[in-house]
Amino acid sequence: MTEIRTFPNVFWIAINVVITLFFFSLTVFLTSVYLKDKNSVILFPIFFLFFFSVLFFYQLSNHFVYISKDEHGITITQPLKFKIVKLDWGQIRGYSISEVWFGKNLHSSKSFVIYTIDKKIFEIIKICNFRFDKMLLSFDNNKIPNLGYEPYQTGVYKRKYKYT
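Everything in the sequence shown is counted per our numbering, starting at 9 for the first residue and increasing by one.
Calculated from the structure, these hints are not laboratory results.
Where hints are given, some of them may not hold.
Think about it this way: if two alpha-carbon atoms lie no more than 30 Å apart in a straight line, the pair counts; the simulated BS3-like pairs of lysine-lysine are [what the hints assert, rightly or not]:
1) Lys142 with Lys118
2) Lys168 with Lys91
3) Lys151 with Lys168
4) Lys91 with Lys128
With beta-carbon atoms standing in for the labels, derived distance ranges [to be verified]:
5) Lys142 with His115: 20 to 26 Å
6) Thr28 with Thr172: 30 to 36 Å
7) Leu57 with Pro87: 21 to 27 Å
8) Leu155 with Ser69: 22 to 28 Å
9) Phe32 with Lys151: 46 to 52 Å
Built from N, CA and C at the ideal position, the CB exists for glycine as well.
Take the sequences, apply the hints, and build the full model.
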């Protein structure tokens, strides 16, 4: 069996960076226009930058997950968490097909969720990965159990998964 892997979509990373910088620049501009005190002008943008940097890192670290598959199993890489997980075929309970919503009904992207026997969950999102469809098709060919369709359910802090 040849190795199949997904590749990162650097365009999506660039779009996230540009949007974050746009909102930071807008905040600095509006703060400097409406507040004349020089100390107040710098405090709000610093707080804003910190807040959006944390949200940006959280989104990137959870959404940018890459996967490679060979004859021994699959390797899941989460580069921003400095994490590489190798799973043998026997450790995989199955996968489900789902979608991820960005914003309230603004944009959705197809995804698949991998469930392991020891209750770990890994979500691979199409908009963040090139060759997504080829990887999904190879799961069907490898006889990994398809657990079915999983609707997107938001939780308080993170997404709720159906097959946990």
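>> Tell me if the beta carbons of threonine 28 and threonine 172 are separated by a distance inside 30 to 36 Å.
In response: At roughly 31 Å between Cβ atoms, threonine 172 and threonine 28 fall inside 30 to 36 Å, so the hint holds.
> Is it true that the C-beta distance of lysine 142 to histidine 115 lies inside 20 to 26 Å, as the hint says?
Replying inline: This hint holds: roughly 23 Å between Cβ atoms.
> Does the Cβ distance between leucine 155 and serine 69 fall inside 22 to 28 Å?
Replying inline: Hint holds: Cβ distance 25 Å, inside 22 to 28 Å.
>> 46 to 52 Å was suggested as the range; check whether the CB atoms of phenylalanine 32 and lysine 151 agree with it.
In response: At roughly 48 Å between Cβ atoms, lysine 151 and phenylalanine 32 fall inside 46 to 52 Å, so the hint holds.
> Is the Cα-Cα distance between lysine 151 and lysine 168 30 Å or less?
Replying inline: Holds, at roughly 26 Å.
> Straight-line Cα separation of lysine 91 and lysine 128 no greater than 30 Å?
Replying inline: Given pair lysine 91, lysine 128 holds - Cα atoms ~13 Å apart, limit 30 Å.
>> So if I understand the rule, the pair passes when the alpha-carbon distance is 30 Å or less; does lysine 168 with lysine 91 pass?
In response: With Cα atoms ~22 Å apart, lysine 168 and lysine 91 stay inside 30 Å; holds.
> Is the hinted pair lysine 142 and lysine 118 satisfied, with a Cα-Cα distance of at most 30 Å?
Replying inline: Within the cut-off at roughly 13 Å; holds.
> Using the C-beta atoms of leucine 57 and proline 87, is the stated range 21 to 27 Å upheld?
Replying inline: 23 Å, holds
Comparing the model with each numbered hint stated earlier shows that all of them hold.
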